[in-house]
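If you read the protein sequences in the order shown, they are chains A and B.
Going letter by letter, the first sequence gives residues 1 to 258 in the working numbering.
Going letter by letter, the second sequence gives residues 1001 to 1389 in the working numbering.
Simulated from the structure, these hints should not be mistaken for lab results.
Everything numeric in this text was worked out from a predicted model, so none of it was measured.
Certain hints may be false.
[As the list claims (entries may be wrong)] Just a sample of chain B residues kept apart from chain A, beta carbon distances all over 10 Å, derived: (1) 1030; (2) 1075; (3) 1078; (4) 1168; (5) 1174; (6) 1205; (7) 1238; (8) 1379.
[Unchecked claim] Covered, in the sense of this in silico footprint (three residues per stretch, anywhere, with C-beta under 8 Å from a C-beta of chain A), are these stretches of chain B: (9) 1019 to 1026; (10) 1054 to 1064.
Note that CB positions come from ideal geometry on N, CA and C, so glycine has one too.
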Amino acid sequence: MKIAVCAKQIPDPATPYELDPEHHWIVRPDDQILDDTDRYGVEIGLQLAEASEGSVTLFSMSPAGNLQGIRQALAMGADKAVIVSDPALKGSDALVTAKVLARAIQQEGFDLVIAGTESTDGSAGVLPQQLSELLEVPALTFAKAVEHDGDTIRIHRQTPDGYDEVEATLPAVLTVTAGVVEPRYPTFKGIMQAKQKPVEQLTAADLGFDATEVGAAGSAQYVRSVTPVPARQAGEIVEDDGEAYRKILEVLEQAKVV
Amino acid sequence: MSDRLRAVLSEPEAGRFGPEADLIRATVRSFVATEILPHVDRWEEAGTFPRELYPRAGDVGILGVGYPEDVGGTPTGLWGQIATWEEMARCTSGGIAASLGSHHIALPPIVAHGTPEQQARFVSPVLAGDRIAALAITEPGAGSDVANLMTRAVRDGDHYLIDGSKTFITSGVRADQITVAVRTGGPGHDGISLLVVEADVDGFTRSGPMAKMGWWPSDTATLYFDRVRVPVANRVGPENAGFRIIMENFQMERLQLAVSGYVTAETAIVEAWRYATDRTVFGRPVAGFQANRHRFVDLVAETTAAKEFTYRAAEGIERGEDRTTEISLAKLLATAAAEHATYAAVQLFGGAGYLRGNVAERLYRDARILAIGGGTSEIMREIVAKRIL
Ligand SMILES: Cc1cc2nc3c(=O)[nH]c(=O)nc-3n(C[C@H](O)[C@H](O)[C@H](O)COP(=O)(O)OP(=O)(O)OC[C@H]3O[C@@H](n4cnc5c(N)ncnc54)[C@H](O)[C@@H]3O)c2cc1C
Ligand SMILES: Cc1cc2nc3c(=O)[nH]c(=O)nc-3n(C[C@H](O)[C@H](O)[C@H](O)COP(=O)(O)OP(=O)(O)OC[C@H]3O[C@@H](n4cnc5c(N)ncnc54)[C@H](O)[C@@H]3O)c2cc1C
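Make a model of the complete structure from these sequences and hints.
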């Protein structure tokens, strides 16, 4: 099975994000890491590939930087990576990102595309569905368990109350929720081998886009303004005079926790 | 703000180690976080840890870090090794790190001077975590004075017959194979050879784990050799050429002990700061007093200097240079930093720092061996004095 895994490089969430003041885009440093969400996708991809003697190719759109995020995923065991990196892509919204990734994936060929449900830095939560539309294949979303059997892929789709069983024939797009599996940490061998693995870098033009179709110019979506998260309010302090538990119970009941 | 201090102390400068070593660091961090930290307190109290940890560390590549590929290792370069040692030392248990790392002193002579057969038998299975390896030099009658060791190996056809004993041997209780320094020739350093002894041979016995001030989960033992027959094929390097190999081997051991030293110091400082910002005395956090803030800065200065000096030695080694002087100084500096920082950490924790189970208490006890093992601080001074005065 030929598996395409979306792997987004993002600025380390442990360090505060910087937004450029004019367009409010995230400033992307050279050092970007693999979005934690995508580690689950890579893991599922590797497991499915191991079971089907298939291959895993990573797809990413972002300034390449030092490729540390991509290396991380290659070190886990992915076979190769295709990264679309081009100043012309600056300002692309989710739909444009989906168009770019879809074309790169199409060009490579695929049986299954795996993505996270929602990226950590952008959190739009729409890109995989857009991919499925563009690639004209079904989307199986919010998978918390995945089973593959010949041409069929079956998942447990997470719902607020439990899960739905969803099934589709390949090719398809699949999104996995964080925590579905325990992603392997790269072994030392994997880390050293990753150096040798092919990383193909493409520009928007390589995929047949002209500059007006991508980047801010090609995007319908733009960020009008950004408001800081309001500072957290101080909590309410309940002094215990022996009866404080009543007050606490009241609060918990109001919050519908008990 | 303990995160800021932690970053200053334990996050390497960007680009310092290189991309592979950065990934290796991340992997060892995850390994320590999932496989060791949740169990540390229990294993410390038990004075041991499960043997399965060796193959787990082997699978990831931790045991084989820096070893050639053909013996089952991953040639990561020295920065990959240092990243690994640093993160292993952050498990807060010197004993676990020392046990899992005992092969780093037992195997390098075999890798550098052994035959391909010896490497296949004695190196690969250890790097996989299937066998445990120890190095035995110290004897009841000879520690610092290695050239005076007494354990004798007398040639008997295709074998040596070993008589004598070794003591304070890390992983001595569980080791499947021991790289043993023996006297095959006359007195002094020209009469010493290295033999690999397998633990299941007749005449070989050992003590149970020795009770120690620190490094509790590490199985330290005394080993007894009573007419132990070892094939000549188990000799590493030429006969009577062991002393030079031992001295060469000490270099990497001392570099590792320097790393353990500054990481122990860093951990103690971060833990103490965490506590000092939280604990209130006289209406202020402990960390709010200038006397204490300055003390923290002094500790950071000493520790960072020791670390940077160790890196300097490492840079020279990577270029293939003899860095004996710098390594000896690095061990001296970094192990002293560990002592000062762990002492201060216990002090800053107050009474809580004296109680068993407190991390400062453990670091304080564990730190004490660093200036003794692998050559004492006095021996480091002797080495440097001989080379620079
Ligand atoms: C105003 C604006 C400006 C932008 N500017 C830039 C820019 O300058 N340069 C640039 O490269 N991008 C830019 N982007 C794209 C942006 O970073 C996201 O890649 C894109 O919007 C997808 O949104 P998301 O991350 O919220 O996707 P979601 O729908 O939350 O993502 C779901 C999953 O899709 C996959 N995925 C999403 N994005 C990518 C990706 N880029 N590569 C691989 N897999 C991915 C991941 O598996 C992810 O878990 C911009 C977006 C916006 C809205
Ligand atoms: C927990 C632990 C683990 C160990 N693991 C191992 C192991 O795996 N393998 C192994 O072979 N050994 C091991 N050792 C032994 C260790 O290497 C020795 O203890 C150390 O080298 C010191 O030797 P010694 O104990 O015989 O002390 P001695 O050599 O007797 O020294 C006693 C004192 O004299 C000082 N001294 C010695 N020479 C001089 C001098 N020229 N000038 C001034 N002062 C001097 C020393 O510094 C020390 O303070 C371990 C020890 C411990 C405690």
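- Check each numbered hint from earlier against the structure, then list the numbers of those it violates in ascending order. 1 and 2
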